[in-house]
Structures are given as structure tokens and as C-alpha cells.
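Trainee: Work the whole structure out from these sequences, hints included.
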Amino acid sequence: MSPRQKRQLSLEVNGEPYELLVEPHWLLVDVLRDQLHLTGTKIGCGIGVCGACTVLVDGQAVSSCLALAVDAHGKAVTTIEGLAREGRLHPIQQAFIACGGFQCGFCTPGMIMGAKELLDRNPAPTEEEIRAGLSGNLCRCTGYVKIIESVQVAVRLLQEEMAGEAGAPVSPGPGRHAAVGSGQGGAR
Amino acid sequence: MSTGARTVTAPGRSGVVGARVPRVDGKEKVTGEAAYAADIALPRVLVGKVLRSPYPHARLLRVDTSKARRVPGVKAVITAEDTPKIPHGLFVKDTYPLALERVRYVGDEVAAVAAAIEEAASEALELIEVEYEELPAVFDPLEAMAPGAPQLHADRPGNIAYQLSVERGDVEAGFRQAAHVIEERFTTHATYHAYLEPIASVVSYGHTGKLTVWASAQEPFMTQAELAEALHLPPSDIHFIQPHVGGAFGGKTMDDNHLYISCLLALKTRAAVKLVNTREDEFVASRPRVPTVIDLKVGFAGDGAIVAKEARVVSDNGAYTSRTPVIMRTTCIRADSLYRLQNLRTHGYLVYTNKIPTGSMRGFGNPQMHFALESVMDMAARELGMDPLALRLRNATQAGDVTVHGWRVASCGLSECLERTAAEVGWRGARPAPGASGTKRRGVGLACATHVSGRRHFGNYDGSSALVKVNEDGRVVVLSGEGDVGQGSRTIFAQIAAEELGVPYEDVDVTMADTESTPFGMGSHASKVTFVGGNAVRVAAADARRQLLEITARLFEARAEDLAIQDGRIFHRELPQRALTVAEAAKAHIYRQGGEPVIGKGAWDPPSELHDKTFYGNISGAYPFGACAAEVEVDVESGEVKVLRIVSAADVGRAINPMLAEGQIEGGVIQGLGYALCEEIRNEEGRVLNPNFSDYRIMACEDIPVEVKAILVEPVDPYGPFGAKGLGELVVAPVAPAVANAVAHAVGARITSLPITAEKLFTALRRPQASRPATPNR
Ligand code: FES
Ligand code: FES
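Chains P and Z, in that order, are what the protein sequence lines are. FYI, in my numbering the residues of the first sequence are 1 to 188. FYI, in my numbering the residues of the second sequence are 189 to 966.
For the record, the hints were derived by calculation from the structure and aren't laboratory data. Remember, predicted model here, so these are calculated numbers, not experimental data. From the three backbone atoms N, C-alpha and C, an ideal C-beta is built for every residue, glycine too. Don't take every hint at face value.
[As the list claims (entries may be wrong)] Here are the computed distance ranges between Cβ atoms for each label pair: (1) P:I47 with Z:G394: 32 to 38 Å; (2) P:G48 with Z:F950: 29 to 35 Å; (3) Z:P324 with P:H73: 53 to 59 Å; (4) P:H25 with Z:D702: 48 to 54 Å; (5) Z:S882 with P:N14: 45 to 51 Å; (6) P:Q60 with Z:E947: 51 to 57 Å; (7) Z:L288 with P:H25: 35 to 41 Å.
[Said to hold, decoys possible] Cut-off 20 Å, straight-line C-alpha distance, at most; resulting in silico cross-link-like pairs (EDC-like, lysine to aspartate or glutamate): (8) Z:K657 with Z:D731; (9) Z:K801 with Z:D358; (10) Z:K830 with P:E127; (11) Z:K897 with P:E23; (12) Z:K830 with P:E128; (13) Z:K897 with P:E127; (14) P:K6 with Z:E307; (15) Z:K657 with Z:E604.
Mentor: Structure, rendered in C-alpha cells:
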């Protein structure tokens, strides 16, 4: 092992500033998982085809298994851990729970980050646009049907949130397992 | 303990069975909090890496690890010499954790390294010197059976790992009655589970003398037992903790060497070791679906009745034996109970080849024979001039039947599944005519399937056990050793416990499986967790309820029979104002002299039996049935098949959670379409040509049919918990034949070899007899 030159990396992750020393060949996914212990970001293939490692870098969806950590210098990274705010799940997360948009959950962090970027870009996608937009994220469990449905419900929840229905905020709901409403029943 | 008692007696008490409640693990999973094996962080954990054989068959002349050991940071480099040399294998013990004297496939594990950092482990791997003497190899199972073929295992002459024959009735007499006989060879291929989480493990070993194992394994207690045997340790010295598991589909039964190697590295270093498969490791050394060559001959009477069936099955075992003997047996036998047939003869051969060992994958050998049999049904319908739906309904197994192999079918929604899927693709009265526009031809096809809900095998046991604890605040914890690999067992158990106990679903938690604290369960296999594990949870919850009622009866000076529990309240039926909460009862029971907690205990073993020497017997407690219909569009210029619509109906007995049940169907159907159309592990001279997700394509969101429809058929099984049966594996089996039948309907060409690729169809369409325009079989 030859000692390698480490480099200074300044970046923001989920709103927190970090100063790290990283080797130039280190991947963003490894820095997130191993240095920052943000293990919500998964490694499914390591070659940029499964989407399990999807994070947002300055709002752009990136396969963190292909991105060099040093390239995130000066940028803002959002991982799945950064989506819920003050204990409140993001509407996309709520929709995935309500519709059963996951089973094993391994693709889910990447899928939700992919969906986040899609809806940031296109707040009212057609079903076809959802299918195309999520095609970089593989899921082996669900057959995608309930993932597509989850994104459609997320669109509605986001619209409701935007409309600012003050009396009826989208909340995790009273039930411990629930996403929206009472916990008895999903999206339909 | 109730053995095989009918369990659908008392009505539910919280109305949560049958509801689309959110999963108990939802919040963890959507926030990234759920920890999978590779996410387990231990201080000073070493990184493991594995050296694999580059040759399909070779003698190991010399393995020199001395240079590798000298790399700074390397803590251990192990070969077979550092192991107890005990082979593992559930049925045939022929697999050494690290190759002993010989390697038999490209990917065979030769040595392993544990080092402080990844770079050191990689460097050490490169410095291991191995001298191989190449041996002749054989890749095709039919060639491997032939005289003079290279032999893989000295004690298995002719490369036969296992063979069986089964015969019922009078096959010759049956064929003599036949008005039509269909005879065809079908081939099926190797496919990979492609769960999104690669196999991973973290194993810690220290001065306690115990191995603590976190691994992506689907059968906690079976994994513990198998490890114990191969590592020569008492089972209790292996503490297996199941983390979240990122999908399994039969591929995380730990029949491969991954977990043995991480345990051996931990034992050798007396430290903690993390081993994470790369996706390439998975493609070259996991245990993919068994490829088969099936020669099938079926005779039909003029009215469509099946009068005889004869089959010869050759299953490609690969280099070592996982669960393949029983997988092949499933291929040979299980589909026979789909129809009311009486005369049959089947020979099966499980054959070694110098390729990746094969194993269990969703369906356990069943999709292979269903492809053959359900293709033959359509071929026969055409010969008979019968509607394929009518032909199936003519022969379909019904509730109350005892099938040819002795299955006692207590509930059966087969005919309903067939009718409803068919109707959904426009099959009302008769099959809709094929369509054509330009170079596109449209057709519809269907197929059906059966499976099991658990299978009696292991020491004449197919049961499960559970504990249900009622805490002093009224919340409930279910402990089960079955585990959850993503299918949602913990959610199902919470619903069953809530319903039986009479408490709100939100008040129930279900622990993760842990061999030191959860009671025995055999884990996720044979589509048994809901049926068998769910019954054990129900029995345990009933026991806890009985205790709560007795506690309250003493407090109220009333009779327990006069009390009831609903929504977390215990009350007197006649005097409803006499009531307390479950929390109050549980608390009162603990905080008193001689107090004790409320812990319900349950065990359940289904009313099944071991098969006899001829494989006759009611092997499972319940049998699910299902059907699938597909509408396809074939481009006759290119041979490309597009599935426009797919409908799958499953007889689940009762859907404990329709949202989860639909999820099983949808996921299974899309996996089935991958099997039918696009997935294939391509192998050349023993080398996997496509060991990654860009060359091995599983379906992405944009590839799925525009319409995917799941239909739940609920005949309520008398033995299932609230009537539920197994589901997960069933749904894969009918998909490939439904697509093949739809393709034949659209263009007249019958593809008998999976997957149905554009190339195969292009060629078939240009064969003289198939180039005629589509002739619909009505
Ligand atoms: S792990 Fe990065 S795309 Fe698969
Ligand atoms: S939920 Fe398992 S891979 Fe998507």
C-alpha cells in the first residue's frame, strides 16, 4: 500500500456542512456510507445501472457509486436521510408507505430520491413520464405497479401541501405504522 | 399446541385482517433507517474478499499464500487447509466452503482474505499464487450423462447427483385411450434472483466463543444449523440475527459458500469480518434457477380429459448440489396436482456440469414444468379443436379432491382464477380472435398453476412457533423466528395478532428474527410463512387472550367465558360497563405478589404428512392455485414480443393484507415476464458472459406492460390463519406459458425453449410450417 495524498473536501450533506479528508479515487457513495455513516444510500450494482445509490447533488439525481467524492466539493448533497424534516416524512415517503410502494425496501431510498428529482423537475408527470423518469431505478420486488401509484399519490399530496390547506397538513398521522390518516387503509 | 386443528373458528376482533394497513417497517424503509447486513457497523471490522477459480475444472496443484500474508494490514489468508474440511449441502454433502484439491466451475472459491482495509485485501488477493492443472470439463447436462463424459465427483458416477422415478395408475392403458397425444421437448434456462441487495454478512467472534452473525439470510434457524454442522460448532454458539433483508426469492438460503467463508474468516482472526458480494460475485457464484430439459408426452381423450402423462426431466445441477434434488423432484411432481390426472410416469435426472451450481429460486422447480405442461395444454386444445380455457376447466382440480399424488385439496380457486383472468383479457365465451395490423400480430394466452404452503420434510416437521407478549402499557410484541425478507411477514403477523387478540393494529410490534430470543421457525421457503408462521402467531395470540380474560375474570369475579376483548378493551358481554383496558389487565397481573407477565405461547404444525417411498402423500397443509393471462403483440418482421397486458389471479385463501398480496402478485408476474422474455444467464465454456445488470436485464419501470392486474380469489382455506394460504412462489409459474401461448395465438409459432427471444421467434416465423399466417385455435 502506497500512502496516498488525501484531499480536503468541503460539502454540505442534508443541510450540514462537512470538512473531510478523502483520497481522490474515493467514491461519493463510500464517503456517505463509511465516513458519514449515512447507510440509507445503498449499493446494488456499483456500475451505475440500478439506481440504489441515487442521491441529489445540487438537486440533480446522481449515481453516487460512479461519482467521485472530490467532485462534490462545494456542493450540496441530499440523501434519503435528509428528506424527512423535524420528524415529518416527506410527502413522497408518505405516499410510498400508504401505497405499499416497496417490499424489501432496498431500492427504496434510491427510488424515492429518483422520484424527488422527477417531481422537482416535473410536478405533474403523466404515468408515462413517471415510468420513463424512474427507469434508472431497478426494483425486483414490486413489479413497479405500486411504485408508480406511490408517485401519483405523492403528486397529489405535494399539490395539497402547496395549496397550503392549513387545517389539514399532511402529517405522519396518529398511528405508529401509519403514513397518512389513521393507519387503517392505504391510498385507495 | 394445536396440530392441524382447523383454525377458522372465532371471528376476528379488530377488523384488521383483510385491511390494507401500512407495513410495520414502512417508516424505517422510506427513511433509510432500516439496516441491512452491509449497513451493520462494528468497530475494527475487517474486510473480507474471496479468490475464485478462473477455470471450469482443474486440479489445485499448489496454493501459496505466503506473499499475500505479508501485505500490511492483512490478518488472515485462508484456504481449505485452514478449515475443518466438512462439506455442506442439505441433501448431498458435496460443497466445501473453500475448494479442496479441485475446482469445478469458474467462480469456485479457492481462498479468502481478511484485512484491515479494502485495498490491503485486494492486494493480498492478487498475491495468492495458485497453480492449476486444467481438466476436461462438461457444460451440457445431456452430454454430461453420456458415457465417457468428464466426471465431476468420484462418488457420483455418470455425473448423476440424484434421480427419481414416479409412476401412478396405468400409463400404457391411458395412452391407449387417447384420441390425441402431444409430445414435445421443452428447455428452460438459468436465471438469477436479482434481489437488489447483494448477499452480505458481518460476523463477529471473540472471547465468548460465540459467532454472532448478521447476514442477508432467509432462514435464520436453518442457517444456524447448517453453519454449525459445517463449522463443527454447537448450534447455540452461533447467534444469528436477521437484519433487514433486501429481497431473497430463494437465493438467500445460504446454500452457496459466502456465509461459510465469512464465518471461517472471523474464526481464524478472532475478530469481526464483513463480507459483501459484488454483483459479479452474485452472478458467478450464487445459486441461480435450475435449467431443465423436459420431454413431455400427454394423452387426451376426445372430450379433452387428460388420460396419461409421461415425462423425462434432466435438471442441470451445476458443479455442486444445493437443494436441487428436491427442486428437481418438484419439477417432476408438483404440476401433476393441477389437473385430475391418474396415469403418469416421470423419470428425473439431476446432472452435474462444470458450471455455477444451481438452486432454489421463487417456484423451486415448479415454473419449469408448468412451462412445459401449460404449453402442451394449448397445443392439445388446438388439436382437439377445443377452447384452451374450456380444456383447462374440463381437467381442473377442485376443492375436496385428493390428487394423483395424495394431496388433499381443502380449498381450491383454480377454476375461478382461470375464468376471471380470461374474462379480463376479453375471453368471454370464447377466446378473442387474434388481431393484425401492419407487421404486428396480437394474441392472448393463458395458463394456470399450483404450489404449496409449506412442505413437510425436515425431520417430519413443517411447523412454526411464536410468542405474544402483552406489555404493561397494553402494547403487544410478537416474537417469531420466521423473519422477513421483504415480503412483509412482520406486518402480516401484526395483523393476525391484533385480530386474534382484539387490540388495535397500531399497538402491535413484531421483532426481527434472532436465534437467541425468537422461538424456532424455519424461515422463508416454500411459501409457508403466512400459512404456518401466521398460524403459530394466531395460536400464541389466542393463548395471550385467554390469559387476559382469566386475569380480568378474577378481577371482576366473573367467568372468563362471559368476557370479550375488542379494540384493546376487555369487557363483560352482559354488563358492558364492567370493562378495563388490556393495559390495566396486564399491569395488574404483574404488579402483585407472585405476579407474572402476560406471554402467550403458540406452536402449530400443519395437517400434512411426509410422502411415502413413492412420493405419495399430503405434503402441505394448503395448496394455492392461480392463473395468468397475457395479451401480446408480436412484430413479425423482427420477432419482438411486447406484452400489452398481463392479468394474474391467485387463490390466496384469504388476503390478510390485500395491498401486500397484490404486491406479491405484481412483483411475481414481472419476475415471471423476465423469465419468459429477457432474462438469461449466458454461459460459454463455463464462463458467465453477462455477470452484471447492464448485460443481464431485469425489467425496469418502462419495460412493464401498460396494464398489470392482480386479482385476489379468496375461497378461505379451512386450515389457514383466517383462511390464508401461501402466495409468493405460485404467481411466477404460469407467466411464461401464458406468454408462450399468447405468442402462438398471435403468430402460430410455438416457442418451446425459454426465454422467448426475438431471435428465436424470428427463426421460428421463417420455418416453412410456421410461416403461414396465424391460424387461431378458435
Ligand atoms: S449502485 Fe449505483 S447505480 Fe447501482
Ligand atoms: S422493494 Fe425490494 S427491490 Fe424494490
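Trainee: Hints first: check each against the structure and report whether it holds.
Mentor: Structure-based check of each hint:
no. : hint                          : verdict
1   : P:I47 with Z:G394: 32 to 38 Å : holds (36 Å)
2   : P:G48 with Z:F950: 29 to 35 Å : holds (31 Å)
3   : Z:P324 with P:H73: 53 to 59 Å : holds (55 Å)
4   : P:H25 with Z:D702: 48 to 54 Å : violated (38 Å)
5   : Z:S882 with P:N14: 45 to 51 Å : violated (30 Å)
6   : P:Q60 with Z:E947: 51 to 57 Å : violated (38 Å)
7   : Z:L288 with P:H25: 35 to 41 Å : holds (37 Å)
8   : Z:K657 with Z:D731            : holds (10 Å)
9   : Z:K801 with Z:D358            : holds (19 Å)
10  : Z:K830 with P:E127            : holds (18 Å)
11  : Z:K897 with P:E23             : violated (50 Å)
12  : Z:K830 with P:E128            : holds (16 Å)
13  : Z:K897 with P:E127            : holds (16 Å)
14  : P:K6 with Z:E307              : holds (15 Å)
15  : Z:K657 with Z:E604            : violated (40 Å)
Consistency note: the structure conflicts with the earlier hints numbered 4, 5, 6, 11, 15.
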